[in-house]
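2 protein chains.
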Amino acid sequence: MDDDMENGAGTYQERPRTFPAVRSKSHTPWIFQMLTRINARVLFVLLMLIFVVVFYIGASASPIIVFVFTICIISLFFSVFLTKWVLAKDEGPPEMSQISDAIRDGAEGFFRTQYGTISKMAFILAIVILTIYLFRASTPQQEAAGLGRSTSAYITVASFLLGALCSGIAGYVGMWVSVRANVRVSSAARRSAREALQIAVRAGGFSAIVVVGMAVFGVAILYATFYVWLGVDTPGSMKVTDLPLLLVGYGFGASFVALFAQLGGGIYTKAADVGADLVGKVEQGIPEDDPRNPAVIADLVGDNVGDCAARGADLFESIAAEIISAMILGGTMAQRCKIDDPSGFILFPLVVHSFDLVVSSVGILSIRGTRDPGLTAPIEDPMKILQKGYSVTIVLAVLTFGVSTRWLLYTEQAPSAWLNFALCGLVGIMTAYAFVWITKYYTDYKHEPVRTLALSSATGHGTNIIAGVSLGLESTALPVLVISVAIISAYWLGHTSGLVDDSGNPTGGLFGTAVATMGMLSTAAYVLTMDMFGPIADNAGGIVEMSQQPESVREITDVLDAVGNTTKATTKGFAIGSAALASFLLFSAYMDEVASFAHVPFKQVDIAVPEVFIGGLLGSMLIFLFSAWACSAVGRTAQEVVNEVRRQFIERPGIMDYKEKPDYGRCVAIVASASLKEMIKPGALAIISPMVIGFLFRILGYFTSQPLLGAKVVASMLMFATVAGILMALFLNTAGGAWDNAKKYIETGALGGKGSDCHKAAVTGDTVGDPFKDTAGPSLHVLIKCSRLSHWLWRLYFCDRLTFHLHLTMYTGTHILLLYS
Amino acid sequence: MDDDMENGAGTYQERPRTFPAVRSKSHTPWIFQMLTRINARVLFVLLMLIFVVVFYIGASASPIIVFVFTICIISLFFSVFLTKWVLAKDEGPPEMSQISDAIRDGAEGFFRTQYGTISKMAFILAIVILTIYLFRASTPQQEAAGLGRSTSAYITVASFLLGALCSGIAGYVGMWVSVRANVRVSSAARRSAREALQIAVRAGGFSAIVVVGMAVFGVAILYATFYVWLGVDTPGSMKVTDLPLLLVGYGFGASFVALFAQLGGGIYTKAADVGADLVGKVEQGIPEDDPRNPAVIADLVGDNVGDCAARGADLFESIAAEIISAMILGGTMAQRCKIDDPSGFILFPLVVHSFDLVVSSVGILSIRGTRDPGLTAPIEDPMKILQKGYSVTIVLAVLTFGVSTRWLLYTEQAPSAWLNFALCGLVGIMTAYAFVWITKYYTDYKHEPVRTLALSSATGHGTNIIAGVSLGLESTALPVLVISVAIISAYWLGHTSGLVDDSGNPTGGLFGTAVATMGMLSTAAYVLTMDMFGPIADNAGGIVEMSQQPESVREITDVLDAVGNTTKATTKGFAIGSAALASFLLFSAYMDEVASFAHVPFKQVDIAVPEVFIGGLLGSMLIFLFSAWACSAVGRTAQEVVNEVRRQFIERPGIMDYKEKPDYGRCVAIVASASLKEMIKPGALAIISPMVIGFLFRILGYFTSQPLLGAKVVASMLMFATVAGILMALFLNTAGGAWDNAKKYIETGALGGKGSDCHKAAVTGDTVGDPFKDTAGPSLHVLIKCSRLSHWLWRLYFCDRLTFHLHLTMYTGTHILLLYS
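Protein chains in written order, with the numbering used here: chain A, 1 to 821; chain B, 1 to 821.
None of these hints come from the bench; they were simulated from the model. Hints may be right or wrong, so weigh each one.
Only pairs whose alpha carbons sit at most 20 angstroms apart, straight line, appear in this in silico EDC-like list of lysine to aspartate or glutamate [to be verified]:
id: 1; chain 1: A; residue 1: Lys89; chain 2: A; residue 2: Glu195
id: 2; chain 1: A; residue 1: Lys603; chain 2: B; residue 2: Asp606
id: 3; chain 1: B; residue 1: Lys338; chain 2: B; residue 2: Glu551
id: 4; chain 1: A; residue 1: Lys603; chain 2: A; residue 2: Asp502
id: 5; chain 1: B; residue 1: Lys603; chain 2: A; residue 2: Asp502
id: 6; chain 1: B; residue 1: Lys338; chain 2: B; residue 2: Glu448
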């Protein structure tokens, strides 16, 4: 995938045009190749036909679905417009586009290998799920609906695979646009800062719209198809309130892919980054992204596969999982309160996210490039521009959220309930805003914390690390307080909404927190845009440096890069916040499910029971162990990179004088294979440990006659792991972001500037922060949700008597064998 | 306190005898001065008289108490023997004893100031407790016992103050012996490694025996006094099973002092250490403990006040709290099972710890100095010698534990119960052994993890930190698994012991875990000896370096120092393990107590209730915040030290050529005042936050009619905080110990040895690890127990209707005032 980079040897000179004029071709998946070969008109007619079918199915299910479909399709056209706009920009001089080609090749190569591995694992898991589902007892609801055991098995597995596929596509789209936008941003940076910013934002906006739109569209299509296929709400078949339960597989598929995408991508990007920095910046004293560093292309590739592709998969998963769990809760509540038309409560999340697409598009378009004063004028603060766009989005989101609640959540049983839920949404939106603000406070070098951190670098490497760790640990306090207030107030707003069950008990509490979560995610597409902006700006900076542009151009990309660090950190804060807010929903959904399968009430997780407490202890420990493995994977891979780079510097002494060309391809290949190998261990820990612990405690519960012990232990494990995971992820992300920006702050000339001892200490901090913020932190965030969803599937495993006895027999059998052999 | 050190200016030369021949006098508290002035015979007669009275009271309470008293007094004589033995050793040449004097003065000065502050805070808290107790309702038990409200208030406050005083004395004794033993160890190191080891062990043994003996003696005297005074078990007065509840104040007093002793001492020692290393080792390239470094005396003082004094107070508190909670549980169980003579169950912990004194003394004596081959022979591995002593202690402890269970826990209702409890004890002892082994594995440079860590230093500061963090995070896994197995097996051993309540339900489960905790702590005195050994060896090394002894002497103290690092880490592991094992006891004791005060059953802590879950989230967050504040306190204070040292190097340019004497005293004073200031914020967080959170949720519970909501939220906060605290403390301690020993490993000559780039990276790791392992980690360990005990006191606050309404009135009053002003 990088042979072409070798051809340039010999043409390498002092301040040279680094690469030969031969450009490599982008690899296009065969499905796109086929599509492009078909005549455009035929394609258009085909597309229209598909739309008609989809709309027909949607209309049979509910008019709300038609509304959702319409918005999704408009967004699709909007995203096409954004791509065309971005791709229409020039790719700059050949030396830029050649670098960009190398990055693209590396990213596409890694993506193919990584997703090859992931898809193999997904297929194995699909077979395991199929087996479990085929051998388990059906639920009473399924029996009532006449849904056979095998039908529900195939439905679950099919949605699992669809979820996995869509998550993969979301990742691919994120990477596809970023490897094309990076060079266009660096080219634009030669002309104006504002234009560069606009291109990066619109490219990020494209993938954000596609990711969110696909999540909404996928769930809506599955819902409508199942509705029509299973004849829902006709006598003798399934009730509409139970329908969302069939979608769980979709969320789990998305989670599964996102976990490995994030782990593999995260290890890749940071191993390359740390390795490149250690030899380049620290040992050889050459600048970041210097073309003489053999690991520099691997580093730039990492931004695309780690940040763009993985974050795309991650956010896709977040939104899909959150939509599905809110739909389940809405259905359960509507059933309990005997609401006449429950479809409003069930489809509410889809409508909220449809409006999300609309308001975020407006926000993206509000960032315009016309008033740009040119290169010589002082650069406007890009953070302010992005935040102005965010404010526009938030104001519109508040309005549309109110409209959605009035439209869908108005019911005659409780006429003012919609108002309470609208307030819940407001709580969520305010939480999102608070999270963005808090993370910005702790990671932006305009504020006290990062300045103090930079100052502590003046006394050496050690004090810099101590200060960064304390900053990260401290930064967990405010978000936790915000989340606590949000959960409790949303719960009580829902509780007092007036919705009551048969016996008059208020039932809206949990749905209130669900609505708050939706409120928080109601600007998700815009936040994702800001996030995608980061790695694109980072890459653009790299290309500018490598193609040796003048200092003024580099200054523009540097500013964009620093802002990107902050927006990346805020998005992570936002994602953790939404995971925390959603956590409580998923627990109760899990408990409802277990109760329904086991035919035993399951209302409490009492940590005063020793086994349940132990479950919590183990759950928290898993978070620590997972973080350890993720970080050490980066450390090990980075050491391989360091050794390779050192070898190249020794074997090709001409590299330092621009006389020999470094072998970029080898570094890319080393990082790719190492990170794929390293992602397996932590990933397996996340998937397998809940199963093992649940199984062991199930056996213990069996012998000590404590019913549901396995399920209770797993529930407590889940809750403790979520709490520990939220705190650990906040710590890792904020500390990493702060270290990075403390370095950036010093590079602006403060405290001695580049090359000073203070700067060296700050670089050490940045190196430590890299795996924290881009590998362990984001993976933890996926882990929290993934393990929750995997529990959801394994619930069958803990509750189904048949499989349990099967396993018990196997277990005792092995035991006896061991004893007598 | 250090004017005397100034006199030497002018006599300072190349390889000089650093200090003038004038020695300072040790500061002796007036109470000791008075005692030494009294005639020895009068003193002896007085002592005998006191013993007779004590024995008389003891005999009136129980023959078991007489046994406990006898062993405590024998141990007292044994500890006097150890001191005499240590003090009889020579103090070496004048240049050694002068340095030692300076260290002693600094330590005593800081101790006086620190404990002055702590005692003021303790008095304020005592008044607060008194007020709360005077205004609360009495418990049914107290009413039945005819114990007036004011009597119980005075009893609680008196035991609180006694506990605080004893904890202070424990700290003082630890420091007293270490500042005297350090110079004797360095002097002996000139002669033989084995003799140096023996002196350090016996000095450590002295304070260990005093600390454990005093904890046992204090609780036993309080018990016997209350027994006789309140006429327990006579008709119309208190039952003996309720007596242990009166002792809680003692434990809380000990915790309170230990928290601030550990925080203040921990900040002191590490700020001085980090500050000295940063300027000395990293900037100026002079060796550790070089006399030219102005912060070196402060560093050596820190070892004494941070490690010796604070650890003494900490272990005193651990043992006192664990004895009291096990006594409460024993009493509750004996009452439920209607055991005829409950005193065996109640006094069991005191007997276990009496045997602990005996077996640990044997262990200490088993380390002998006779077979020493002299300087030229290869140094025997001191770790092996210490571990042989530990094995002796453990074997004896297993035997005596069996004897104690048969003697005290045999009951006719369940004839085989004692055997189950003996097995619980064995579980505890095995847990202790496993913890010591695991910590050794992760922190000793003989094993894989530290070697890998050292290797990662070869690629720079950044990879060293990443590898250390991952190592620390990973090291939480095995201890958690061990603790999980231990809690569950001890619980089930106790559960199936045959002890049942009136309705035939097994009740021994919790007591089983209590017995396992006692088993774990049944070698506490020996483990504490190993711990105290560390800082004494460290100090001895410092004195050897400062007095510029030959390399061979330094080698001996270096080996002892490295072993000290490992033993310090293992003790911390051991202390965390016992805290984890004990945690479950204290929860249930807390819940029993709340139920008894509130007259409402309180059996469950259901984290499926949103507020209770939020409590857990907040509790875990507090651990993160507390660690952050502890670490940043060290960072800030270290920066002050760095600036002072840099100032001295600039203002006195002769220091580097040994021509001018550095101003050691100023560094000591700066660190002392800064660490006292910095200990307040995290300390207050630990004490106040549970109150605030409990109060807020109590109000919420009041308005949402959820009874006991405050108490439940606090319980969940407690449990989550314990889990997070255990993990965080394990992470911080192990990472810190591993970094320190990775540096030590490189200093033995591996990977380039001293002065190489690899060594510099390892020094950075060591610097980061310092506040982790010696400030935040140990403070967390105290925090876990302290907040638990403080909840225990505040329980009154959450349950007492009177005070609650008082506060509610105040609250609404303020609210109205604010509204209309």
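Quick one: which hint numbers does this structure break? Sort them smallest to largest. 3, 5 and 6
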